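The chain contents come next:
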Amino acid sequence: MTDRRIGVYVCSCGGNISDYVDVARVRDVVEHEPGVAAARTHMFTCSDASQQEIIEDIRNESLDGLVVASCSPKLHLFTFRAMADRAGLNRYQYVQVNLREQCSWAHRDDTALATEKAIRLVRAGIAKARLTEPLATMRIETTPKVLVIGAGVAGLRAALALSELGLSVFIVERSSDVGGWTRRWGKMFPHQQQGSDIVAALSARVRHRENITLFTNAEVVEKSGSVGKFTLQIRVDGFHTIPLVVGAIIVATGFDVYRPSPGEFGYGQDGVMTLAEFKELVDRSPEDLSRGGRGIKDIVYIYCVGSRQSGGGDDAHSYCSRYCCATAVHTAICAREVSCGLGPAKDCIGFHQFHLFRDMRTYGKHEIPYEDACRKGCVFMKYGDDDPPKVDRVDGRLRVRVNDQYLGGEEVEIDADLVVLVTGMVPRENAALVDVLKLPVGVDGFFNEIHPKLRPVETVVDGELIAGTAQGPKTLPESVASGLSAAAKAAALLKKGYVDLEPFIAEVDTSRCVWCGECLDACPYGAVEKTSVQGKEVARILPSLCKGAGACIPVCPENAIEIAGYTDAQVEVMIDALVREVVVEEVAVPVT
Amino acid sequence: MGNGGSHYDVLVVGGGIAGMESALTLGDMGYTVLLVEKEPSIGGKMVLLSKVFPTLDCASCISTPKMAATANHPGVNALTHTEIDEIIKRDGGDFLVRLHRKPTFVDPVACTGCGQCETACTVALPDQFHYEMVARRAAYIPYPQAVPKKALIERHGSSPCSFACPAGVKAHGIVSLVRCGKYAEAFHLHMEDAPLPGCLSRACYAPCEAECTRGQLEGPVPIRLIKRFMVDRYYQEHPEPEYGPPEKRRGETVAVVGSGPGGLTAAFFLAREGYGVTVFEAASEAGGVLRLGIPSYRLPKDVLDRDIKNVTALGVEIRTNSRVRSINELKEQGFDAVLLAGGAMDPGRMGAPGEELEGVVDCLTFLREVNLGRQIDLDGKTVMVVGGGNAAIDPARAALRLGARKVLIQYRRSRAEMPAHDWEVEAARAEGVEFQFLKAPQRFLGIDGRVVATESLSMRLGEPDSSGRRRPIPVDGSKQTIPVDLVVLSIGLRPGTTPFAPELELEKNGRVHVNSATLQTSIPWVFAAGDAVSGPSSIVDAIGQARRAAFSLDRYLNGEVLGEAGFDERLPVVDKQAVLARSPSLAVRSPREKRELAAEGRARSFAEIEAPLAETEVRYCASRCLDCGGCSECRECVRACPANAISLNMHPEEEVLSVGSVIVATGFKLFDAHLKPTYGYGRYPNVITAMQMDRLLSPTRPYHHLVRPSDGKVPDNIAFVLCTGSRDYKVGNRLCSTVCCMYSTKQAQLIMGALPLADVTIYYIDIRAFGKGYEEFFEQAKAMGVNYVKGRVAKIDQVDGGSLMLHYEDTTERGGANQAEHDLVVLSIGILPNADALKLFEGEALAADPFGYVREPNESIDPGRTSIDGVFVAGTASAARDIPDSILHSGAASVQAAGYVESMRNGR
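So the protein lines, in turn, are chains F and V. Start counting the first sequence at 1; every next residue gets the next number (the working numbering). Start counting the second sequence at 1001; every next residue gets the next number (the working numbering).
Read the hints as simulated data drawn from the structure, not as lab findings. Remember, it's a predicted structure, so these values are computed and weren't measured experimentally. Where a beta carbon is used, it is the ideal one built from N, C-alpha and C, also for glycine. Hints should not be assumed to be uniformly reliable.
Stated by the list, open to error - DEER-style ranges, computed between Cβ atoms:
1. F:Ala82 - V:Lys1795: 22 to 32 Å
2. F:Ala112 - V:Arg1639: 31 to 41 Å
3. F:Gly497 - V:Gln1577: 33 to 43 Å
Said to hold, decoys possible - What the simulated footprint calls covered on chain F by chain V, stretch by stretch (three residues with Cβ under 8 Å from a Cβ of chain V suffice, anywhere in the stretch; the number is not a length):
4. 454-464
5. 488-501
Assemble the whole structure, with the sequences as input and the hints as a guide.
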């Protein structure tokens, strides 16, 4: 039979399980399974007291396998692995059976069958435990250096933060100068600082750090290795190549402004400009707004140009660009200040700003400048999602027609000196970099995080982090916070000096492998390479790249690949245990 | 490094998602982190949500691994249920932190989180984690995914009733046990503190009821009558005590002098400790004032007899007809210690002429005769009682019952100065006792040595005397002669301590001189309690004192230091106004009318006047209890806990430590929807907050279905009112709360999933779907059929059947002021700054922005940095943020905190 000594612990989860599953019966049935040396129930297996009891069992009963039948491993896998560590049992000889999410919660209507299913699930866990072997994590030494791609505010700030923690940083910037879009802008919301000043302050601090190296006119052209030790090739000034070895990579490549197509809301005509262009105009005008010698008195802002276009064509952007409402409102306040000074509305007679918007997304504290703009004479008109304003030229002046929902949909005509298209952010063109880094890109074209809620700077590639507007539209402080957050994650990876990787990786049985290359094509992580063993061409798995995804296993025609911890044999005995009748077994229970 | 306390690299204040993320990030970097959370679980508000937008991940499923990781991270020490008292920046750049761990009253190491205390607990309190939609017990585990998953007991302080009891009887506990039908348990709880529940349930003046918070509403809970029911039920079922002498025996013996309430109580507690106890009683029957002083229409003698059995069952011997004349004699007899509880039984004298006449008696003598059943015929006679205390009322009423034609009480001060309890006076008056105030006899006139009349003078009140009462001054020429057959003098009683004068230090008035804290007398092995110490007081005071004296005596015999420590472990009393304020919508629950025998009939009989409550009445009355202190101290959890983990004597534990840097992650406060009265929250049951809706939709929801509160109907027409408490000058919050549009859209989608036939309408000003994937999520909701109406809701009215009429203006082209009816209205309440964050720091203040959030002086370059160098802010403590932005912000705070710690290490 088996010489294994397995402990089985069935959890009541305070009723979450035991209200629907007869946990005592589950224990009574499974304690006669081959190899089971101890079987108990607990009100809460995860409680300190229960863990202590299990640890004593492991020691006193010399257990070499452990099954906890409780909740989802998402919740307590690491709890019980840590418990196994404390007891001196190899953590990978522990098997968690999910009796809560997969059984009790799902079968509240039939407790008898829920109990039967629970018995089968626990038996499967025991069957797997019988075939467990001690496994060891792979410890990878990390290189205490970080590559930051992009020298905008997010990248610069991330570099500074890492440098202050004693990590060396390389910054690779594609253009000839640092600071990205922020460098080009004057007064910025929400803190009225000059964009150029912010960049100047940041780059001054960067220059003072000895452990930051900045490459401008530079691009990443090659990457190999994995978390803790990436090897990269940097091409500088288009010709010479520099190799770098880093432990982590932060991608902070920023955004582009949406460029309206010719004719879109009159774009291309004299007097129609994007928000970015208008902002530069306002920034450059010390007093009185004018263009071509003519004063600007009537300004129309059209919002959501290039954003929130759900029913649009191929180039349409369905997402909201987040920063534009607040930026437009802020720019309007600045424009008024240039034209009329800071005084009250009566000082500003003859200066009109019309905002044609859909939803005013001045979230959080941005609400205050919106209120301010309303007070300072800005007129806000709401246009329908499917009824955009039209821009024409009549008698040499720009004329905007809009159906204002606030006026019950009445058409309003505005003659304007200037039409500002409130344009959103679009992802930068980064195809080559995406190809090198193998980073996933979302449907919106921005880099994709691994989890949008809780892990917004991490990606599916361990050690590659995304920051700032490369991940999605952001305001300046948000972008900088994102850069710092990426720096925090990079530091969390590298400060320790090593990373432990799970041992659930593929192994090739070279005696069976005939190198057909199927696994190479199937692996999404580039973890397979061809090698030769005693003259025979076979596949080899690169342990630091393998994620244990298992994509290679079903495609192998020779059944030559196994994943440690999830071997075919283990899965097969689990299936056998799951299909074994419970009733028959009950009769077979020996009465002693 | 600081003051001997431990040192951490970083302190994170707040264990919500931002705090956990900061702690984990820093822990992963290799720094040591102390995370302090004031609630009993980490997880903050996120874990309580149903799902999160726009991914529709189950909030608890993605929170719990973070919570578990935080709790188990080797670099992170997470303290829950802990408050920061102050953080002080020191010259070296590090910080001194004072904090205290609030008592949970459950030993966290022993507690297995089994929940048996919850089941046993007799108090239901609003469940704050379900946003008060349902109740939970005072002993509770916060919620199923709580980390740590340990029970705790909600205690706001001592309930006013329990705190008022001089004997320490846990009135609240008795009421809460009776409310649950646990009568025997209530009896046993009473016996923990006082062994004479029968007597107290009849003759106590019930200071507990005077303090009852319900008394400020419709009238107090009738605690004494509830107790009486419980005692009667128990005595009926248990004519004899269920216990015998204790197993633990001690060699020492104790003599108790007096078998009144004090003596019996002291004997009980001492016998329970295993001492051999002998009670010496001068009278022929045990009970002291209970037997001799209180007439049976107030305290039936069988009840007293049964109470005494509670004491004698422990092996206490009561020697009647045994007057003790010398304390040293007791010592010679072999007693190791003596407890004096002889009461105040010596009558005071007026010193008036004729006082020695036959027919002039003191009240105790008179009552003793009555109570011992001697035949006294007062048929057709006139009786005058002299005095104004309770001791004057009892003989007057007894005289009526013995057939007196006329009973008159003369009191030398006015009604206002009368020390007798109001209800006693009123009862006597109702029965026909006549009161004459500002009158007192100066002389007793007799014929053949027997009194026939009194000569009384009228009085007026002069200046207050040493007792603080105004001194009566005879009015010249007011002499009045009243014919009487019997005079009962109730003018003060003295302790009968004269025989002990040579041995023991006495006060001038005959009271035994004691240390007031320990009740030890001038002889170390002699303790004293009751009226012998304090002069005539009350039964319950005597019991309380006797218990204290017994406690001291036990410590004395154990060779321990005497003092108050360990005797009174009660928490400070709760503030009644705070109790009323925390339950804004209390149901009116009228008190039951008091029932007594009719005054005319009862005045001729010694039958018990007061009628008992029926069981249904008792349960109703007990249910009126407001559970002021939270936990009622009924001790059911203590009995139920298999791990012996409950400890009601836990105290706050203070700790002082040092940290290199601080991250403030104190989160936000939700807008209180009561502050928007036009929306009817708190008045209309079917107006709920979005946080409550999130609970209704969550996997650990309070009900199994999505139902509306008023009638359990499954709603089919639900409205969301956005910007409740946001973008609103009227409530003082101009800011947008950032998350409400999206969480409402999320809830709308979930409702459409749970109730496919329901209509969902969202009333909004602007839909702010600005984050990654949010606009798409908003579009998805519209495609699912969620109805978005642009227009702020002005007012909500309740219409028939509990549905709600919303008045709003549609500001789109549909236009106009409109009304719409909905089954259920969800107020999408906003986010407000948590002012707690600003109170953490002593010395250099943490600066706030104009809205009360933690200020970030240079947000564009150093988001997360605050006005204090080395202090950082993460998450919603500095602005309304959604979860991804809070996570990013936490990362920013952590990496800068780490930078600060590094710069300190490098001696910047």
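Is it true that Ala82 of chain F and Lys1795 of chain V lie within 22 to 32 Å of each other by Cβ? violated (56 Å)
Given the range 33 to 43 Å, decide if the beta-carbon distance of Gly497 of chain F to Gln1577 of chain V lies inside it. violated (59 Å)
Are there three or more residues in the region 454-464 of chain F whose C-beta lies within less than 8 Å of some C-beta in chain V? Check passed, 4 qualifying residues.
Coverage of the region 488-501 of chain F by chain V, judged on three or more residues with CB within 8 Å: holds (count 7)
Could you tell me whether the CB distance from Ala112 of chain F to Arg1639 of chain V stays inside 31 to 41 Å? holds (34 Å)
In this structure, the earlier hints numbered 1 and 3 are contradicted, and the remaining ones agree with it.
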